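Sequence lines, in order, name chains G and Z. Residue numbers for the first sequence follow the numbering used here, so the first one is 241 and each next one is one higher. Residue numbers for the second sequence follow the numbering used here, so the first one is 241 and each next one is one higher.
Quick caveat, the hints were computed from the structure, so don't treat them as lab data. Note that the structure is a prediction, hence the values are computed from the model and not measured. Among the hints, a few may not be true.
[Stated by the list, open to error] Some chain Z residues close to chain G (C-beta under 8 Å, calculated; not the full set):
id : residue
1  : Phe-413
2  : Leu-414
3  : Ile-421
4  : Leu-451
5  : Val-463
6  : Ser-466
7  : Arg-467
8  : Gly-471
9  : Asn-472
10 : Asp-482
11 : Gly-487
12 : Met-489
13 : His-490
14 : Ala-493
Just so it is clear, CB atoms sit at the ideal spot from N, CA and C, and this is done for glycine as well.
Number of protein chains: 2
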Amino acid sequence: MPDKDPQPPALEPKALPTTAVPVSTDGASQEQRIDPFDVKGAVVDGKVLAIDYEKLIRDFGTRRISPEILERFEKLTGHKPHIFLRRGMFFSHRDLERILDRYEQGKAFFLYTGRGPSSESMHLGHMIPFMFTKYDVPIIFERPGKLIKLWIRWLQDVFDVPLVIMLTDDEKFLFKPNLSIADVLGFSRNNCKDIIAVGFDVKKTFIFSDLEFMGGAFYENVVKVSRCITGNQSKATFGFTDIDNIGKMHFAAIQASTAFATTFPHIFGTDTKTVKEIPSLIPCAIDQDPYFRLTRDVASRLKYQKPALIHAQFFPALGGPGSKMSASIDSSAIFMNDTMNTIKKKINKYAFSGGQATSEEQRQFGGNPDVDVSFQYLTFFLEDDEDLESIRQSYLKGELLTGELKARCIKELQTFIAAFQERKKAVTDEIVKSYMTPKPLEWSQGKGPKKQAESAVAEVTQKIKDAVVG
Amino acid sequence: MPDKDPQPPALEPKALPTTAVPVSTDGASQEQRIDPFDVKGAVVDGKVLAIDYEKLIRDFGTRRISPEILERFEKLTGHKPHIFLRRGMFFSHRDLERILDRYEQGKAFFLYTGRGPSSESMHLGHMIPFMFTKYDVPIIFERPGKLIKLWIRWLQDVFDVPLVIMLTDDEKFLFKPNLSIADVLGFSRNNCKDIIAVGFDVKKTFIFSDLEFMGGAFYENVVKVSRCITGNQSKATFGFTDIDNIGKMHFAAIQASTAFATTFPHIFGTDTKTVKEIPSLIPCAIDQDPYFRLTRDVASRLKYQKPALIHAQFFPALGGPGSKMSASIDSSAIFMNDTMNTIKKKINKYAFSGGQATSEEQRQFGGNPDVDVSFQYLTFFLEDDEDLESIRQSYLKGELLTGELKARCIKELQTFIAAFQERKKAVTDEIVKSYMTPKPLEWSQGKGPKKQAESAVAEVTQKIKDAVVG
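Please take these sequences and the hints and turn them into a complete structure.
Set out below in structure tokens:
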């Protein structure tokens, strides 16, 4: 048994580009625009730039996830920060410290994430908040004479808190004039299977369709919230105009209400006085922030706890920075129901390359991993920081050819998606029902003298020992 | 047994004033304004005029309830039109002919009315749509040597259709910043008791609170409707601006959804194809018409049947035309929980009189029944047309003094309200629950070969015989 620490070396959170990179050319100059309905890089002299995340932090008034906060996270929970945190995919937050304070003090909170069910199958980008919220990620790395496998458990298990997942089928219906209620309910059901296949604990998870769950305490919060938001605010926040329908203008109240524990009496009970003190922590893509800025304003007025947020960057489209990943454009993304062969074809054919035009040039000049989509995907799915860094260096130096990099990406994606598809096959309608039926949940955080951090440390230590021995 | 028809003589629907009457003086000139949130007579040269109902018919594009339609109503149903119809309190309609066609053809429809529960007790004005929808009204009239009592049954029984009654507690919450959810839910429950005390058949009636009933098929219709209404339409229809909250702007979708049978699968079933063909008939005050104009537009787009409407004039405030009846101003109205003594005091002290200053002048010049509130109230509560006409003539001629007219009004109101309070005492929480729980209803219209008209005629004939004999 080796005596040295088998954990992978930590990386500092990746520095965000402060100057965006020009990536394509169309249209005149304009500012970048990021809201729930529009994600567009700035255009300068006809060139579309990649999203400037530093600018977003400044414009939205959020805070950078700092090395200090990650250190505190690790110390409190006994868990190494997820690669999405270490590598800066989740890069910004609001009030994450307050959640860590509560964790430390043994006070209750819950996780809230969601999905707008817009098509029959989810794609890789849709997986990010769910993988971050809960996915038993196997870390496999080699040490001299050993293959070490470490399972990292994520937010739901790290914190041991309830998780609510909202399927905003009502929103999709309101924003897409061609969809029927049956369409969006069907999407909800199918997407729910995808989400379950990520691996959530049914005892701690409530997945719901807005259309099905609306009513009771949820609706009471919706009217409470909607009384606090003016037409002006909804328009200014989301860019609506008076030709938009009233359902769109009103939808913010629905997305906001889910951030409040009082919406879920079947989970938290009906003692409003204590339940309204339970905040949510919301992992989401940064484009959802406008909803929750509004929610945080409203929370103060309703004397509810403000939700805390962790913001993700956007998952790269196959076409590379500046191109758009769309559920309706098959070649823009890898879908979770793509066959192994399709994955291979899509990466080979569509994945934007940072490499040179020929092998000779690649050997001579090297490739650019910062814009290479295959490399970017590896940063999301390859757990071992050393392995990833060695690929990066080889690619930079031209030792690794584009075809080889793509092959590695294909292998990792195929492994991930094949395992996912295997799990999804096992998700029956009965299982869907068990997640979507309002029921009491089981968790420990905030329920008594706090021992989670200690037991989590003990648990992860044991796992490491098992892995190293096994 | 007399061989002549014991029914009271028919009156033509009362002619509506084509020129409004100046009644008080305050403010500058302006048009009359009638919408769900504002009921104001025109102001001309500083004088507030009574509501010009003929102008409303023109402005809203509705139709006058004609003698022909009343004749057809009586012929089809075998029931003499209610005094509210004969005397023109329900004066305007949309598509009432279509409902009569359906009645004749044995096709299904339903009644929809509602109440915004804004205070602990309802007043007389609130009773009008409910009395019209269902109230067993005793008509007592004298014939030589006989006192004849005839019970007239109203819309619910005449048509034998389901009735849904919506308590818009969500609306009240959205429009009144000082109310809590508990407040408006309390109002709903208490107002529900008042409504039940009017005398609805529990087997044919579903009373619901929006806050409690929201969800499922109802919510599906809400999002369907809200997708069809733009911010522009909501603002233009109700006079909202961008400083109004998004709940107000969105509320039209909720009030509209109740007009569609698909909102009530527990009543009409889930066979959408047939259920969406079932229209509603909505008895309401004319100020609610803007909601339903919008609803009728939306219905076409959703391929639902347009709701039909019967519009009531406003019930006069104690202070007379130009004054406002308000649930929060005790002296403006007779409340259903006023004591017999309070009723007497209020009529004597606050009821606007059309009489002269002294008995002598009254004898000499006569009174004006058209502006006299006591006389107006008698037109709502005195069933016998001959009796009413004789009071009117005596008052006009000065034979009847103001005090005598008030005494008669007090007597009728006390009788009506005492009987109401007696019935309300019997309404337990258990009974409230039986009306407010979604359950299948029982009715005959539209359910098979149509014999209602014939049996209704037979029934009413029998009642007349019983009354005359008894």
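Taking the hints in turn, this is what the structure says about them:
The beta carbon of Phe-413 of chain Z comes within 5 Å of a beta carbon in chain G, closer than 8 Å, and the hint placing it at the interface holds. Restraint check, Leu-414 of chain Z versus chain G: the minimum CB separation of about 5 Å is within 8 Å; hint holds. Restraint check, Ile-421 of chain Z versus chain G: the minimum CB separation of about 5 Å is within 8 Å; hint holds. At its closest, the beta carbon of Leu-451 of chain Z sits 6 Å from a beta carbon of chain G; the interface hint therefore holds under the 8 Å criterion.
Hint status for Val-463 of chain Z relative to chain G: holds, with the closest Cβ pair at about 5 Å, below 8 Å. The criterion of a C-beta within 8 Å of any C-beta in chain G is met by Ser-466 of chain Z, whose closest approach is roughly 3 Å, and the hint holds. At its closest, the beta carbon of Arg-467 of chain Z sits 5 Å from a beta carbon of chain G; the interface hint therefore holds under the 8 Å criterion. The interface hint given for Gly-471 of chain Z is met, as the beta carbon of that residue sits about 4 Å from the closest beta carbon of chain G, less than 8 Å.
Below 8 Å, beta-carbon pairs count as interface contacts, and Asn-472 of chain Z has one with chain G at about 4 Å; its hint therefore holds. With a least beta-carbon distance of about 4 Å to chain G, the hint placing Asp-482 of chain Z at the interface is held under the 8 Å criterion. Interface hint status for Gly-487 of chain Z: upheld, as the beta-carbon distance to the closest one in chain G is roughly 3 Å, under 8 Å. Nearest Cβ of chain G to the Cβ of Met-489 of chain Z: about 5 Å, under the 8 Å cut. The hint holds.
Hint status for His-490 of chain Z: holds, given a least beta-carbon distance of 4 Å to chain G, under 8 Å. For Ala-493 of chain Z, the interface hint holds, the least distance from its beta-carbon to any beta-carbon of chain G being 6 Å, beneath 8 Å.
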